Amino acid sequence: MLREEPGPLPDFMRVCVCLRQVPDPRARLELRTDGTGLREDGVAWVTDEGDECALEEALRLVRQTGGEVCALTAGPGRAAETLRRALALGAQRALHLRGELPLDPSRVADLLAAVLRREAWDVVITGAQSSDLGWGLTGSSLAAGLGWPHVWLVVGIETEGDSKDTRLRITRELEGRRRELSRVRLPAVLCVQTGLHPPRMPRIRDLLAAKNTPIETLALDDLLSDSHGEEARPAVELVALSAPTASSGGEQLGGDPATAARELVRRLRRDGILPETT
Amino acid sequence: MSGKSWAVWLAPDVEVSATAASRMMASLRMAQSAAAVRGGNVEVVLAEAPRPDGTRHPTRVPAWAKECLGDSVVSRFSRLEHPLLALRTPGATATVLAAAVEHTDGVHTLCLGHDYEAVDLCGLLGRRLGAAAITAVNEIRGGAGDLRVIRPVHGGRFLAELRVPGDAMLVLTVPRSVAASSRQPAQIADENRCEVETLEVEASLFRSLPDREVLAIEESGSPPELATAERIVAVGRGLGGPEHLGLARQLATALGAEIAGSRPVVDSGWLPADRQVGSSGQTVNPTLYVALGISGAAQHLEGMSGSRCVVAINRDPEAPIFRSARYGIVGDLHAVVPALIAALVEDQGEPT
Ligand SMILES: Cc1cc2nc3c(=O)[nH]c(=O)nc-3n(C[C@H](O)[C@H](O)[C@H](O)COP(=O)(O)OP(=O)(O)OC[C@H]3O[C@@H](n4cnc5c(N)ncnc54)[C@H](O)[C@@H]3O)c2cc1C
Ligand SMILES: Nc1ncnc2c1ncn2[C@@H]1O[C@H](COP(=O)(O)O)[C@@H](O)[C@H]1O
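If you read the sequences in order, they're chains A and B. Residue numbering for the first sequence follows our numbering, beginning at 1 and increasing consecutively. Residue numbering for the second sequence follows our numbering, beginning at 1 and increasing consecutively.
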């Protein structure tokens, strides 16, 4: 599957986009009283916002080159909703790796890699960092598992116009407002940063239609046994979630907005942050 | 357990900034914690490419690195030099670091300062070494036969306590906040003696992980205008939409402040890119930083934690931004900001 000799970009790109379903980060999240995790009752599950951007880039890439976008998620039954939404937005296929998801990003990457290994792909697109666990590791670990290169924090994807090359020109964000320009050989994993293009919104009609599109489902437990090398690495498991201890010295100003605002101005003047009035 | 706990310092290709130095100190603090919990010695490994003219770096501790070491006791300072490091790609760097670990007996923990380069290679290195890779680690503790690693999740709203087997090799990235909140003074000695050596490893491109080919690094075209601002009013997604920017601008005018924003605000086009504060935007050090509807994600804090006084206005009492704020007001910014503007104007003591 690894093309050793550079050849032309395929005119039918097979793109798989990895989507994670997460608790809505804008909603209030509460801890279970035993401290072992989140209270799942009342949690609204949504597609990770960063992954919506990943899907947008997948759809754009395929529109440019021709090809097909497949949406892939690993997670319990509810995660099918994320796939339906992806189908409504324009993905042609959906793959659901169904089961309880491990916390360890390297296990998640093993699982995704085991699914991806079953077919040939040109590009796999992921988000840069999940909004719930925020490892920033699944994409690169997935690439390492497949023996492919990856680029993390992609902010630009260009097909190399005239050159006959199975490569993409990628712009990547660095710290200090710098950018890195690189060329990457396919197949590759691209971990896209937010903000390239605003993700599209699904139409009701397409959401309804997507309900009838079949989702290919695999049992996560079956794949755990196929996934390579996993027993060689130590497992990372969740013991407890807690709220960080209260603020280090910050002062909450209470009362109605007018009172709080006046108190704030008074303190800022007292502290010499704002000049004293004369 | 004996063995070695490494702080791995990737020498930047430009000069060592204050931020880079504090990340190196943070990785050293964590390596010390890991040694306290797991036993063994603390060693610093400074990884760098040969000089551009091909000459070797001298076998001594560079001046900037002495400052990062402070009065910490480390048993060895190794200079790891390899041409593959010049590529500055995660596959190449992970290959060299893995070779260095395999070449050394008993390394149980590798700590890298948490930055994009470290996160980018951390998973590859973990795989190569059969280690557990964990990003943004605040703390490491001992458990019964296992280890506990603490890191933030859900955008800093919660802390996760993770369990890893006691004999696992760990590859950790350590945010610079760890350098500031160090609890290691017991280890301090007044002399800074350590063995200094050059670490030679065999690592070839052939064995390296697949990588991209870097063509160029581009600097941002726009000047860092916010870097010198005395006061900043920064808006986040909680503003609700660009139609409310006027309100934030009024507050900025009343305070004599510059306007800035979080990444989603720039991503959505409410403000131009040169107004973004954070790890992928600008670093600011104002006297006053007013955060309106900003949750306080680590990447945002990275850009503004040098502010002298942070004021946070947010309707979620548990928003992480409040932990970095000197003053906080819990409430809807659409009610609080007009009140604040009124209080500022009224306070000006305008003569009637
Ligand atoms: C590699 C990388 C680099 C990044 N770089 C940056 C960076 O440079 N800068 C940056 O900012 N982010 C950066 N991010 C993104 C970062 O992780 C967060 O997603 C982002 O900072 C969140 O922005 P926010 O606080 O505006 O939005 P949110 O997290 O959505 O927070 C909105 C807040 O507004 C509050 N709110 C809502 N309505 C109201 C109201 N009416 N009144 C008062 N409060 C209200 C909510 O309670 C919430 O706390 C980066 C991420 C990655 C992965
Ligand atoms: N359960 C999952 N199913 C599909 N993709 C995932 C899953 N978990 C993580 N990913 C992908 O990996 C990216 C990075 O996640 P993380 O390493 O958790 O920060 C996400 O943005 C997704 O694209």
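Just so you know, not all the hints are guaranteed correct.
From chain B, some residues computed to sit far from chain A (all C-beta separations above 10 Å) [as the list claims (entries may be wrong)]:
id, residue
1, T104
2, C194
3, L199
4, T228
Looking from chain B toward chain A, a few residues come up when the C-beta cut is under 7 Å (computed) [said to hold, decoys possible]:
id, residue
5, F206
6, S220
7, E243
Across the chosen pairs, the derived CB separations fall in these ranges [claimed, not checked]:
id, chain 1, residue 1, chain 2, residue 2, range
8, B, G106, A, K211, 54 to 60 Å
9, B, G166, A, G254, 44 to 50 Å
10, B, D13, A, G66, 28 to 34 Å
11, B, E346, A, R26, 31 to 37 Å
12, B, A216, A, V239, 40 to 46 Å
No lab work stands behind these hints, which were simulated from the structure alone. The model shown is predicted, which means the values in this text are computed figures rather than measured ones. Cβ coordinates follow ideal geometry from the N, Cα and C atoms, glycine included.
Hints, one by one, checked against the model:
| no. | hint | in the structure |
| --- | --- | --- |
| 1 | T104 | holds (19 Å) |
| 2 | C194 | holds (30 Å) |
| 3 | L199 | holds (24 Å) |
| 4 | T228 | holds (16 Å) |
| 5 | F206 | violated (14 Å) |
| 6 | S220 | holds (4 Å) |
| 7 | E243 | violated (17 Å) |
| 8 | B:G106 to A:K211: 54 to 60 Å | holds (57 Å) |
| 9 | B:G166 to A:G254: 44 to 50 Å | holds (47 Å) |
| 10 | B:D13 to A:G66: 28 to 34 Å | violated (39 Å) |
| 11 | B:E346 to A:R26: 31 to 37 Å | holds (34 Å) |
| 12 | B:A216 to A:V239: 40 to 46 Å | holds (45 Å) |
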